[in-house]
Each structure stands twice: as C-alpha cells, then as structure tokens.
Amino acid sequence: MSTWYDMNVILIQTTLTTLLLALSIQVPLRFGVFSFAGVGAFGIGGYTAAIAMVRFEWSTWPAVALGALLAGAITLLVGLVVQRLTGLYMGMATIAFTLIVSVLAVNGGDWTGGAMGLYGALGEISIPQLAVVVLVVVGLLQLTELSSMGRRVDAVRDDPELANAVGVNVVLYRRMSFLVSGLIGGLAGAMTTLLRTTITPAEVNFHLVIVSLTAIVVGGSRSWVGALIGSIIFVWLPTWIAFVAEWEKVAYGFIVAAAAIYLPNGVLGVIKDGWHRFRTRDERARAAAVAEEA
Amino acid sequence: MQDVLNAATLGSIYLLFALGMALVWGTIGILNFAHGATFMFSAFIGHLVTQRVELPMLVIVAIAVAVGAAMSALTQLLAFQPILRRAKSQHAAEMRILIGGIGIAAIPLAIAQRETRSSPFGFQSTYSAEVMEIFGLRITTTGMIIVLCGLGIGIGLTVWLRQSRRGLALRAIGVDPETTAGMGVNRPALAFGTMAVAGGLAGLAGALLTFQLGAIAPETGDQLLIKAFAIIVLGGLGSMAGTVLGAYILAGAESFVLEMNWGTWVDAVSFGLIFLILLVRPQGLLGRKEVRRT
Amino acid sequence: MISAWTRKSLLAGLATATALGMAACGGGATGSGDGGIADTITIAQVQDQTGAVAYAGVGAKEGAELAIEEINEQGFLGDGVTIELEEYDTAGEIERASSEMNKAMADQNVSAILGPTQSQQAATVAPLVERMKVPTVFTQAGAEGVVINDWTFRATPPMETYYEPVLDQLEAEGAKDIAILYNATFPTFALLGEDDIPAMTEERGMDIVQSLPVQMTTQDFASQAQQIADEDPDALIMLLIAPQSVTALGQLEDAGYDGAIRATSVQAAGNISEAGDDANGLIYPVPYSTAMDTESSVAFTEAFRKKFDKEPNPYNADGYDAMWWIARAIEASGDSSREGIREGLVQIAEEGYDGAMGEVTFEGNDARVEGVLVEWQNGKERLVE
Numbered sequence: 048m049s050t051w052y053d054m055n056v057i058l059i060q061t062t063l064t065t066l067l068l069a070l071s072i073q074v075p076l077r078f079g080v081f082s083f084a085g086v087g088a089f090g091i092g093g094y095t096a097a098i099a100m101v102r103f104e105w106s107t108w109p110a111v112a113l114g115a116l117l118a119g120a121i122t123l124l125v126g127l128v129v130q131r132l133t134g135l136y137m138g139m140a141t142i143a144f145t146l147i148v149s150v151l152a153v154n155g156g157d158w159t160g161g162a163m164g165l166y167g168a169l170g171e172i173s174i175p176q177l178a179v180v181v182l183v184v185v186g187l188l189q190l191t192e193l194s195s196m197g198r199r200v201d202a203v204r205d206d207p208e209l210a211n212a213v214g215v216n217v218v219l220y221r222r223m224s225f226l227v228s229g230l231i232g233g234l235a236g237a238m239t240t241l242l243r244t245t246i247t248p249a250e251v252n253f254h255l256v257i258v259s260l261t262a263i264v265v266g267g268s269r270s271w272v273g274a275l276i277g278s279i280i281f282v283w284l285p286t287w288i289a290f291v292a293e294w295e296k297v298a299y300g301f302i303v304a305a306a307a308i309y310l311p312n313g314v315l316g317v318i319k320d321g322w323h324r325f326r327t328r329d330e331r332a333r334a335a336a337v338a339e340e341a
Numbered sequence: 207m208q209d210v211l212n213a214a215t216l217g218s219i220y221l222l223f224a225l226g227m228a229l230v231w232g233t234i235g236i237l238n239f240a241h242g243a244t245f246m247f248s249a250f251i252g253h254l255v256t257q258r259v260e261l262p263m264l265v266i267v268a269i270a271v272a273v274g275a276a277m278s279a280l281t282q283l284l285a286f287q288p289i290l291r292r293a294k295s296q297h298a299a300e301m302r303i304l305i306g307g308i309g310i311a312a313i314p315l316a317i318a319q320r321e322t323r324s325s326p327f328g329f330q331s332t333y334s335a336e337v338m339e340i341f342g343l344r345i346t347t348t349g350m351i352i353v354l355c356g357l358g359i360g361i362g363l364t365v366w367l368r369q370s371r372r373g374l375a376l377r378a379i380g381v382d383p384e385t386t387a388g389m390g391v392n393r394p395a396l397a398f399g400t401m402a403v404a405g406g407l408a409g410l411a412g413a414l415l416t417f418q419l420g421a422i423a424p425e426t427g428d429q430l431l432i433k434a435f436a437i438i439v440l441g442g443l444g445s446m447a448g449t450v451l452g453a454y455i456l457a458g459a460e461s462f463v464l465e466m467n468w469g470t471w472v473d474a475v476s477f478g479l480i481f482l483i484l485l486v487r488p489q490g491l492l493g494r495k496e497v498r499r500t
Numbered sequence: 324m325i326s327a328w329t330r331k332s333l334l335a336g337l338a339t340a341t342a343l344g345m346a347a348c349g350g351g352a353t354g355s356g357d358g359g360i361a362d363t364i365t366i367a368q369v370q371d372q373t374g375a376v377a378y379a380g381v382g383a384k385e386g387a388e389l390a391i392e393e394i395n396e397q398g399f400l401g402d403g404v405t406i407e408l409e410e411y412d413t414a415g416e417i418e419r420a421s422s423e424m425n426k427a428m429a430d431q432n433v434s435a436i437l438g439p440t441q442s443q444q445a446a447t448v449a450p451l452v453e454r455m456k457v458p459t460v461f462t463q464a465g466a467e468g469v470v471i472n473d474w475t476f477r478a479t480p481p482m483e484t485y486y487e488p489v490l491d492q493l494e495a496e497g498a499k500d501i502a503i504l505y506n507a508t509f510p511t512f513a514l515l516g517e518d519d520i521p522a523m524t525e526e527r528g529m530d531i532v533q534s535l536p537v538q539m540t541t542q543d544f545a546s547q548a549q550q551i552a553d554e555d556p557d558a559l560i561m562l563l564i565a566p567q568s569v570t571a572l573g574q575l576e577d578a579g580y581d582g583a584i585r586a587t588s589v590q591a592a593g594n595i596s597e598a599g600d601d602a603n604g605l606i607y608p609v610p611y612s613t614a615m616d617t618e619s620s621v622a623f624t625e626a627f628r629k630k631f632d633k634e635p636n637p638y639n640a641d642g643y644d645a646m647w648w649i650a651r652a653i654e655a656s657g658d659s660s661r662e663g664i665r666e667g668l669v670q671i672a673e674e675g676y677d678g679a680m681g682e683v684t685f686e687g688n689d690a691r692v693e694g695v696l697v698e699w700q701n702g703k704e705r706l707v708e
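As you go down the protein sequences, you meet chains A, B and C in turn.
If you use our numbering, the first sequence corresponds to residues 48 to 341, in order.
If you use our numbering, the second sequence corresponds to residues 207 to 500, in order.
If you use our numbering, the third sequence corresponds to residues 324 to 708, in order.
Check before you lean on any hint, since a few could be wrong.
[As the list claims (entries may be wrong)] Here are the computed lysine-lysine pairs in the DSS-like style, where the Cα-Cα straight-line distance is at most 25 angstroms:
no., chain 1, residue 1, chain 2, residue 2
1, C, LYS703, C, LYS633
2, A, LYS296, C, LYS426
3, B, LYS294, A, LYS319
Hints in this document: simulated from the structure, not taken from any laboratory.
Could you put together the complete structure from these sequences and hints?
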C-alpha cells in the first residue's frame, strides 16, 4: 500500500488540483454563465503565490491565500465588465482575458521571469493539507447544490425570468459566481504552482480551458461529483491505458468522443440513472405485475 | 502600403481557415472544434502523397479538399449526428458537440505527430511561388491566390446564403431548427452537406496555407482554431460578412503590433481589442441580436 | 498534527523503500561493502515519447540504446553486467513529467534517470530529484533552474555556450549591422536574443540594428521579413522553432532579403529540409553533426548508421553521451547504487570525456563543448571552415 502511495503521490496531488480547476469553470456554468475566467484566475493565483514566495520570501499559506484573494478580486472585476454578454460571446471575452494574463506574464520582466516563468517556489503543502482545502471547497459548494439554494441556482441557470419573478436576485447570483470561480481558480493555481515549484506563461492557455471543460462534461456538469469523476478519469487515464503505449493520445480521442456521444449527462448521469433504477426496482416490478394482472 | 498588403494576405489566411467553421456554426449551429485537425490532416495527406510523387498545385489542392470533405462528413455522421439525435434540443447538445469535436481532433493530431515527430511538413510540388511586383508592391503568387480565394469564397458564401433557396433554408435552421424542419427542410441531409463543404474549405485552407508558409506543423491547426473562434465571435455569429470583416480586423491589429515591433504583445493587443469590441457590441460586429430571453 | 503525521508516513515509506532496495541489491550484486556493481542496472528514461516535442525524447532513446548495446557487448562494467533502459513517457506535459519522474524514483530498481528534455519539465522535477536523491542526467533542457543541486546533471551544453563561434565567423566576414528575429516565448531563444547575443555583438563592436521578437503562435513572417529587407542588415540571426524557421526563410527570400542568415541547432535533425532551396547557405552551430571529424564523433556516426540505417541527429548524440557518462560513472566509482552513480558522475565531469559531441568538458555538473558551425547545402550539413 505504501509503495503504491509513493509511486502515485503526484497523481493524487494532480487529481485534487485538477478538481479545483475544473470546479472554477463548473461553478459559473451551473449559474448559467459561460465563463472561462477561472483559467485566467489560475494564472493570477499561481503567479501571485510564486512571486510572494520567491521575491518576498512569504511562507506557503499566506502566499496561497494572497493568490486566491487577488485572483478572486480580479475575476469579479472582469465579471462586472462582461456581465452583459451572453453565451459564447461571454466565453470568448473570458478566454481573451485568460490569454491576456498569459501575455502579461511573458512580458513581466524580472517579476514574472518572462518566458521561462518562475522556478524554485518550494511550497510546503502535504497531501492531507491539500485534501482538507479541497474538502472545504467541496463542502461549501455542496451547500449550493442542496435543497432551496440548489433550486434557486437551477432557476438562475434555466429560467432567469422566473427566478427574478420569485425574488431571486439573478444579477447578484451571477456576479457571485465570478467571485467564487476566481477564488477557486486562484486557489488551484497557487497550490499547483507551489506543489510543482514552477509556473510558466505557456501553461495559462487555451489548452487548459479545454482540459477542464472536457473533465466537467465527461464527468457530469451539474455537480461537483461530476467534476471529481472527470478529474479522476483524465488524470489517471494515461496510467490505465498505458498498454496502448504511443497510441495513448489516439485512445484518449476515442474515449472523449465516445463519452460525448453516448453519455448525455456524463459518467455521473449514468451512475445516477443506475442508482435510480436500483432503488425503484421493487416499485417497477410491482407496477409491471399490476399491469400484467390488468 | 506594403504593410497593408501584408496584413491583407494574413487576413485572407485567417479568413480561409475561418470560413468553413463560420459556415457550420452560423447555420446548423455546430461549433466544430475538429476543424483545425481536419485542416492539418488534409495537408498532411497531401504531404504523404507528394513524398512519393511530385504533383502540380491544383492536384494537391484537390486531394486536400477531398480529404477535408471526407473527414468532416465522417465527423458529422459518426459523432455530431448521433449527439444531436440523442439530445432533447440543439441547446442541450451544444456542449457535447464541442467536447466531441475536441475528442475527434485528438486522433488525427496524434497520428500526424507520431508520423512526423512534429517536424514541419510541406509539399513536393512542380509549382513554385514567384514574387510579383505591382506598383512597387511585392506579393507572391501564392499570396495572391490566397487573397483572391479568401475574398472570393467569403463574398460568394455571403451572397449565396442571402439569395439562394438552400441558403435560405440554412439560415432558417440557424434561427429556428424545429419550425424549419416542419416546413419540409431535410435537416440531417442539409447538415451533412454543409459539414462536407466546410471540410472541403478546411482542406483548401490546409493546402494553400502550406504552400504559403512553406510548411506547417501538426499543431498549426490548433493555433489557428482559437483565432478563427475569435474572428467569428467578433464578426457576429451567423453573419458571413462579419467573419470576413473580423478576419481582416484581427490581421490588421496583429500587423500593426508587429509593425510597432511589440511582437510579444500581439495576443494581448488583438484579444484586448476583441474584448473591447464585444463590450460595445455584445452580439459581435454584424451579428443579429440574440433572441434568448435574457 | 497533520505535518507530523505526514512526516511519519513518509519516513515509514522510505524505510520500506530502503528495505526493498536492499533486497533487490542482495539478488546478484558483487556484495562488496557499500554496494558494488549490480548484475542488472536499470536506467529510467523519463522523456517525451509522444506529443509535440517527441523528437528530442525519441532521438535520445535511440542514442541511449546504441550506447547500451556497446556497453553490454564490451562488458564495459564487467562480465555479465548489463544496463537496461526503462521508458516513461512525459507526453509533452509538465504534470506528466513530475508524476512519471515520481514513479521512476519510487522504483528502487531504478539507479539513475535520463531526465526530461523540455526546460519547463526539467525545472519542475529538479527539486524533486534532490529530495529523493536520484542522480538525474538531463539532455537538452537548456534553461536556468535545471542544474541546481548535487543530483542534477546535464549532458547537452546549453545553446548560449556554443553560440559564440557564430559571431566570430560573422566578424571575420566583416559583418557590422546585425538583426535578430527571435521567438521570445521560447525560454532558450528569449535568453539568447535578449541577453547573450547583444553582449556578444557589443564585445565585437557590432551593432544590433533590429531586434524583432515574435510569439510561439506567430505563423506568418511577411511583416518581419519586409522590415528586415528594408533595413538590409549585414546578417540576420534567426532564433525560431522548426516550422517558424521554414516559413521565415521562404518569406525573407520573397521579401528580397539576400544578406547572411544564421540560425540555431533547432534547424538540425532535418527540420529545415522542407524549406528546400531557400535554406541553402544557412549556417548554424551544433553540438554534434554528422559532418564532424573528431574521432569519437565519427565512431558514433558510423555505429549509429549501422544500427539504425539512418543519419544520426544531435538528439541521438545527447542520449548516447548521457548513457555513456552514466556507464563511465559506474565504472569510476565501482558502485551502481544511486549515491555511487552520483559520485561517479561528478568524478567523470571533473575529467571530461570524448563522446559523440567530440571533446566534452564540464562546468560543475553541466556539459560544455566547442560545437561546430555547419552550413546547410542541398539537404546536407557540411562544416564551415
């Protein structure tokens, strides 16, 4: 067991940080906001934490906190500016924001380390500590999925007019989704950076948007559980399909395409359907019996 | 003046690539993220063929167009069509079409990377570009062909969509798919045809760009994809004229930045511009107003 | 509380690991006091085998395979002692590099590692290597932040250390006005284009009349080519990645620029062949070329052709030299344990060696070579006198 843990400690780490990044994209989607600003927040959080540690010799946790807060604040500001946009127009504007963050990092001179980025940000974050942070985030998000709060969020997404009519402040909810997305994205960026000790401008790119979006859609887009499933799948997939060796990327393509075609609600949807069937099997059997009798 | 001509050539490169993507997205509502891979792989097949036998330009272009059309048609048949059939509405399918495209794109990319080890590839052709000088302005024959093709096809498609019956049907699908189907338009057939045409355009762009640039790499398609996405959104979804305009605006902005020798700021300036334009015109330059309720 | 718990579990993990390692050693080692040379020595290659930069990793693998064949056949480490190569694919991703490195380091049978070729991957794993105490020899990975501690070594000299001859040759030709066109988002080129080359030109009294940075995503060079043709410098130093170079060469020609062009070792390995005639006369410095006439280089070139039936490239030379360095290290210290190999690597680095790249010397743990200037002419490299 401990050998397995030693061999895979980085994969466990990556699963948790990928989950955070995926959540930062998923939260606005659940509020009906097509924003990818979470990836930009990832960059801001990562760079802020690294600069705080490397240039100002801050210790790990204050650096992480600063990264998350700054990313949250900036993302909220972006949200206030772009809130008029809808659908993929919003998507484009927030992708533009993300790419601009990356360009600023390239041109930041000594502060950001230019094209090479920053290295040597040796944070001290253990896996249990990382797990606690993720648990807190997930716990808070669970509150937004439960009962009345969950229904209000669903209304903001699916029928904003109805939501307004029943007294839900749609605009406020959507603004808050930017703040939350920025905080979680910044947290993901800061912790990822300090765990791997480096950050480069090349990482904060469109590819990262695609990776998180894929994880969410394949896992299940309506709940953090889906994001968790997606993160586990995509972080561990290379290990599971190692037998295809150099055809790994081809297999990856097939798996993603097949999931998009056959799993309309992601893996989580399949699990939920299965669970639902399992729970209602007695009822269905009774119904069938009744139908037969009649 | 030479700068304007260079910017026009660059704009035409972007336009050629973006046209096919704009056509399917603006009409049948499919945002095809495999477009870049189709583009690249068509040129790659052209490269493989010309490694065995040296061919004239027209033949290579024909091969690339055929490969592109076939790939795109297959994508529609094997992935997008099944996704649409399983989805309750076009809206629900949007995200899965996006992810399906991403998955499919990974396959040709991995194959080409493996075969070329990511070295750049080009064509062995009997054609060689000549430099023409007109009123003291230099342009290569390839550059001229690209400008003419880009503008010609761009304007041609705009007019065709506006004036022909098929074009009307396509535009109608873009606005209200259900009603259009009720009016007797065979949606799947039309979608299949549109995807094939778009694939052919991707193949055309692949061949011409490879001639223009001398060689492309397997990753070239991905880099153009994000630019095309930006161009279409900037121009306004559903407007071909907007796409033409968007391509030249993006190229103009990039060329201006390069002329000023702020090379590393290119993305920040061009995406910053897109960001600002969207703030002023949330539906893009020539886009129709969104008919959604919020 | 939490950190205490971690430390304890880490220690426990290490203890088991050590026990396992000793058990493995006991299997067949000579058993002389502190380690000795085991019968089978496993070297892990943690480099890109797939993805956008696979050429460097796949190239190094071929070179390393050739070296291993020679080492095993010669019985270089003693009778019956064989080296085995175990591949880990980093797939062009930083995350994958650290997780695959971690797997390789956790495997106690792995005695040493050939580390990632991409600077950013290498910089990420460099601190891990020290923490886990596994000697790691990087190839390529030319940026700062890679060779940073006692356990990190680099077999490929960073580009800026053998770029000087380019400027010497330009000076000899009487070039005065220099233009630089460089990819500023590629770390090695940013360093060369912004710091090293300006310093080198200043020393020689040359002027940089133009410095044009571009991005990784720049694909069309018509505008830059035009600016360069208008300025018409004596020479252009072009620091671009492979596909960009092909396009830039063609468009420079079209724009009417006919001055000298100097490039980088990225153009080696046939990466410039798609530019056709436009690339003729292009000169660039390489740490290794098939045109090299040093005895040890020629030996490598011929052995490689014989084994693989194709022309070797600098990435093949990387893997070959790195693997021989490790073998020499084991022989020198007489100890194939991780610590033994580390000591051996340091010892060999002090002496230097003759390898595929000719005479290799070291600055600390970091390789240095003279390098050669080659000229591309109709699909072949030839030495520039």
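We went through each hint and held it up to the structure:
1. C/LYS703 with C/LYS633: OK: C/LYS703 and C/LYS633 at ~13 angstroms, within 25 angstroms.
2. A/LYS296 with C/LYS426: 20 angstroms, holds
3. B/LYS294 with A/LYS319: 19 angstroms, holds
The structure shown violates none of the earlier numbered hints.
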